[in-house]
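Single-letter residue listing:
There are 4 protein chains.
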Amino acid sequence: MLNIGLLGCGRIGQVHARSVGQLDGVRVTAVADAMPDAANALASKIGADVREASALITSADVDAVVIGTPTDTHYDLIHQAAAAGKAIFCEKPVDMSADRIRDCQTAVTEAGVAFLTAFNRRFDPNFANLQQRLRAGEIGDVEIVSILSRDPSPPPISYIKTSGGLFRDMMIHDFDMARFLLAEEPVQVFAVGSALVDPAIGEAGDVDTAAVTLTTASGKICQISNSRRATYGYDQRVEVHGSKGMLRAANMLENTVEVAGTTGFQTAPAQHFFLERYEAAYRNEMARFVEAVQTGNTPSPSIDDGLRAQMLADAAAKSLETGAPVAL
Amino acid sequence: MLNIGLLGCGRIGQVHARSVGQLDGVRVTAVADAMPDAANALASKIGADVREASALITSADVDAVVIGTPTDTHYDLIHQAAAAGKAIFCEKPVDMSADRIRDCQTAVTEAGVAFLTAFNRRFDPNFANLQQRLRAGEIGDVEIVSILSRDPSPPPISYIKTSGGLFRDMMIHDFDMARFLLAEEPVQVFAVGSALVDPAIGEAGDVDTAAVTLTTASGKICQISNSRRATYGYDQRVEVHGSKGMLRAANMLENTVEVAGTTGFQTAPAQHFFLERYEAAYRNEMARFVEAVQTGNTPSPSIDDGLRAQMLADAAAKSLETGAPVAL
Amino acid sequence: MLNIGLLGCGRIGQVHARSVGQLDGVRVTAVADAMPDAANALASKIGADVREASALITSADVDAVVIGTPTDTHYDLIHQAAAAGKAIFCEKPVDMSADRIRDCQTAVTEAGVAFLTAFNRRFDPNFANLQQRLRAGEIGDVEIVSILSRDPSPPPISYIKTSGGLFRDMMIHDFDMARFLLAEEPVQVFAVGSALVDPAIGEAGDVDTAAVTLTTASGKICQISNSRRATYGYDQRVEVHGSKGMLRAANMLENTVEVAGTTGFQTAPAQHFFLERYEAAYRNEMARFVEAVQTGNTPSPSIDDGLRAQMLADAAAKSLETGAPVAL
Amino acid sequence: MLNIGLLGCGRIGQVHARSVGQLDGVRVTAVADAMPDAANALASKIGADVREASALITSADVDAVVIGTPTDTHYDLIHQAAAAGKAIFCEKPVDMSADRIRDCQTAVTEAGVAFLTAFNRRFDPNFANLQQRLRAGEIGDVEIVSILSRDPSPPPISYIKTSGGLFRDMMIHDFDMARFLLAEEPVQVFAVGSALVDPAIGEAGDVDTAAVTLTTASGKICQISNSRRATYGYDQRVEVHGSKGMLRAANMLENTVEVAGTTGFQTAPAQHFFLERYEAAYRNEMARFVEAVQTGNTPSPSIDDGLRAQMLADAAAKSLETGAPVAL
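Heads up: the protein sequence lines correspond to chains A, B, C and D, in order. Counting from 1, one number per residue, gives the positions in the first sequence under the UniProt record's numbering. Counting from 1, one number per residue, gives the positions in the second sequence under the UniProt record's numbering. Counting from 1, one number per residue, gives the positions in the third sequence under the UniProt record's numbering. Counting from 1, one number per residue, gives the positions in the fourth sequence under the UniProt record's numbering.
In case anyone wonders, no lab produced these hints; they're calculated from the structure. For clarity, every value in this text was computed on a predicted model and none was experimentally measured. For glycine and all other residues, C-beta sits at the position ideal for the given N, C-alpha and C. The reader is advised that the hints may include incorrect statements.
[As the list claims (entries may be wrong)] In silico negatives: residues of chain A with every beta carbon more than 10 Å from chain B:
1. 103
2. 187
3. 197
4. 202
5. 253
6. 261
7. 264
8. 268
9. 311
[Said to hold, decoys possible] Incomplete in silico selection of chain C near chain B, CB under 7 Å:
10. 23
11. 25
12. 111
13. 162
14. 187
15. 190
16. 211
17. 221
18. 223
19. 225
20. 244
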């Protein structure tokens, strides 16, 4: 039995608690949250203890921690958990600063603890299937990767102001997906962006509509587009062109029903947002973390993957600011 | 150069004239129609002579006749053309009476002239592709055939009264398609039907909504459904299940555009009716007739195919009337 | 908290136990199975007691029973549970004999206990969505219903011999779906069938490929087809034509990935079988049962629904035997 | 009757001759080609005279010229035709040099003759339908346009060497499509590209795989990708995201047949190349030219559209060369 200590009892912490509940051989023994009510509510629902974060991390009945607290707390929690020799499952982004992620990486490496950066989309059954087939050579060598992500609606302006901006908060998933699919590091980033959805986002110094072009040393190309708005559900698509063909993963719709009438044939919207769309991905990512810890294998994506996605986000932000491509 | 005499200058005659115009090595030299205006209009458009039907049939500059006149005139025209030794392309149905079709068959056989029964759907690129792959064994042995045909809207009641009824006028295409796909003669027909679209159709003694089940000696099953109404365009689909898989042909839509919004994803309606949907089929059927006549091969579908489809329609009408399955 | 006693710990009993585990306000307190090992295994996994069936039914800590035992035991268990005043969730078919179902119906009605016949497909998110929209009038009045069910592969011959045959064991789901969608009782059943998948099924007196036509008093038509074989996954589709358009529910595929190459565009097979395809349906049907019991509402589908589906299956079997349509 | 003089009897000239043949009120009276055999073959097929180009242009029985000769001859022919007061239908690109296109523009404007730049894709029924709905506001304000074009296989290296490169020869269609859909001029172009399909293309100084990002003054974004290879047919797609939703045009497949088997569901490849895919577009573009000339309306796309697409291609080539975005 693997004993999990859950740090952060908000929405994402609850998702991870539910994933643990559906797996054999693992349980949440203790939870922590700066908000006592949140900690108590989750603890009573799943039969876990409530502890203060630092105490939880050093508890003997905690083998691994799941970090789902605000991003600015990750740094300290990772250092504490590494020092305590606990395996670490950490929400993305690891930190807003690449340098601070490097510090965490050092701490984790020196402590020799397992670490998984929770890029959930790698575990989506559709994207995972696509990537496995890509790696197996089904469409030959990768030439162009196209990634599109559109949220159903923008977050509150208050969130925008502290999120680090669209590239670090939203497109970071796509940067990780790009690396996952390209299997070669990007060497150049070019970004454009605008505030077309809500002028207030522009006034807050961010963009809500953006496109990025990545290139690799061997000439592979990746096009990414993001928007904070999609009226037809959470739009999450990937398309990869290779020397022998194309692989793409379409959206998951709310249901398979189609209606036909005078205006044509209509299917349901895409599943609304990440909790629905990535339900299986969240379950799979926890399963793979648990499996890695139990078998002694190295979890993936690693803290290095977390660092490299952050570096791409930083480069995109710089490209947008300077108007020029940024070399990595 | 193959010289065609066109009998009937109405809508379907004009379709065939256009098909001839798009083919090399063939031309329409003369046309005939009981309505002089119709004959003159088409003749001047395509540069052909206008003649009286009997004279046209025996003309030296007519190698083959295309019969697109009202059904009750086919019998005489076929006999005249056979007597004159002309190749015959005849619209379906050959005749309303199976016995009279047998008479025609005798005349055609004795004269040794080429004869094609114009079941246009066999030449639709989709259905033709499906049937070729079926014959090539792509899904193994046929087990269940499902055919669905729905017209966009019912014809005038005046047409209903003289058409021979839904089974002989509309479903006859599906009976031919069933034989084309089953590759084994049906031995039993069971039909049900109702007047759900327009009560006046029921008062005229016909049905506008019907379903038929065919079975063959080896146990293959075919389900057909027809309706005189489809709000979303001309619905024309075929699905075949075999021992190794399934082949189906979907509708052709007006275009490939899809719009996404709050209610989901919407594509265009199906192409409106037979002139659009079967444009390529009409062209291909004429090309195949011309090719057969020019090479001396036997055209297909034959007059026997025309007879057998009519026998199935008769059996379906009898089944509907008696409420019992009819053996063939 | 609603306390459930689970009768039958085989595959379907385990499915229901899992559904209960995912719902709030309900738990399994006791389980029973003729096989002690099966009962013990499930009990230890979910923290329930093991009891003998009759004792379980009369237990004070059991408010409702879930009957997932072999069909021939349903009759006695239903009578016992009704006598004990317990709410009853019963797997389909309620019984192989319509007369015995009527006996059960009397017992249940006289005891005034809640009863749900577990036709799981009514709770599939796709079919449920389609039926709600149909009832809401989205496509006007129903005219033709088409239902297709194909299992990935046939069950063992030993099962075939005791299952009551394809109409009572497999197509019974489609008969219930037909009633669910037609919203009008069929008055006539016509069936055809063959043993095309495996001759041994024919030797066992059953068919593995079948088609049924239902008609209602107002002239609505339903076409059903079944096969024990589908190489591309569990094929489960419904299509309804109404006066204003068409509603259909497509298969759920294993994933949304599509690959393109020289032979075209390929998507994944359909989800393999009922445990995957109807995972959400099983969860929803238990949720609706629990909700009905807790609120005092009448669960649906009722025991009468179970009876009427069985009557349609009996009629289909008789039609196949006699070769004639059977009136209801 | 509008009399056309056809300049150039190669593949594209034959396409335009066929389009003219399918239209009422227009005919080809004379053809010219540097290759006498090509001119004679086409002339005899369509019943036209063969003339030398300059003589053809000044012929009294020529109202309009269709220019389908090699690009480097366009400049002189346009000047001659403008001087002769003939309406001009000119294949793209108008010229390889933007300055020379400006010269042509001056000549055409001063002569006051009608001029259509033959960007055939604007007349594709799918893209035309999409653009009309976009203009009608169906998805609100345009935010992101995504255009993908992939040829089935690369042209000969000899062609690559004289074509002006991928941006001027292939992506020029997409630049025009971008302008057609954005309805606002791009102000910046950023291009990346590689030779991944064939190293010989790289050695010839060109790329075969490329991606371009366009931005407009109001912040609209357009992503274009091109490749000289697509194993699954000619890939031609457009997707537009607006404030209220998304419009996209999918590929046209060879047929609507789908086969299902153990590996899933497979449809046909996309139509092979431009002659099949844009058959309707070629017919429509000629019809619109003829209609404009006959009614005295200004044809579209104009010579200015030809110029602006060329300027975008030049900017893309410069961006690729310099590695930096290029302002317009």
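- Message: Just to be careful: measuring from the Cβ of residue 244 of chain C to every Cβ in chain B, is the smallest value less than 7 Å?
- Response: Nearest chain B Cβ about 6 Å off; hint holds.
- With 10 Å as the threshold, tell me whether residue 264 of chain A passes as away from chain B on beta-carbon distances. 5 Å, violated
- Task: Take a quick look at residue 253 of chain A and tell me if its Cβ sits farther than 10 Å from every Cβ on chain B, holds or violated.
- Result: 8 Å, violated
- Minimum Cβ distance from residue 197 of chain A to chain B greater than 10 Å, as the annotation requires: 16 Å, holds
- Item | Restraint satisfaction for residue 211 of chain C [CB to CB of chain B, less than 7 Å] | Holds - the Cβ of residue 211 of chain C comes within 7 Å of chain B, reaching about 5 Å at its closest.
- Query: Is residue 268 of chain A truly not at the interface, in the sense that its beta carbon sits beyond 10 Å from all beta carbons of chain B?
  - Reply: Contrary to the label, residue 268 of chain A does not stay out of reach of chain B, its closest Cβ about 5 Å off (not over 10 Å).
- Task: Would you settle whether the hint for residue 187 of chain C is holds or violated, based on the nearest Cβ-Cβ distance to chain B being less than 7 Å?
- Result: With a closest approach of 11 Å, the residue 187 of chain C hint is violated.
- Item | Evaluation of the interface hint that places residue 23 of chain C against chain B, nearest CB under 7 Å | 29 Å, violated
- Item | Cut-off 7 Å, beta-carbon criterion: hint that residue 223 of chain C touches chain B | 5 Å, holds
- Message: Restraint: residue 225 of chain C near chain B, CB-CB cut 7 Å. Satisfied or not?
- Response: At 6 Å from the nearest chain B Cβ, residue 225 of chain C passes the 7 Å test, so the hint holds.
- When you look at the beta carbon of residue 311 of chain A, is every beta carbon of chain B farther off than 10 Å? It holds; residue 311 of chain A is separated from chain B by about 34 Å at its closest Cβ, greater than 10 Å.
- Beyond 10 Å from each Cβ of chain B, as asserted for residue 202 of chain A: Fine: 25 Å to the nearest Cβ keeps residue 202 of chain A off the interface.
When held up to the earlier numbered hints, the structure conflicts with 5, 6, 7, 8, 10, 11, 12, 13, 14 and fits the remainder.
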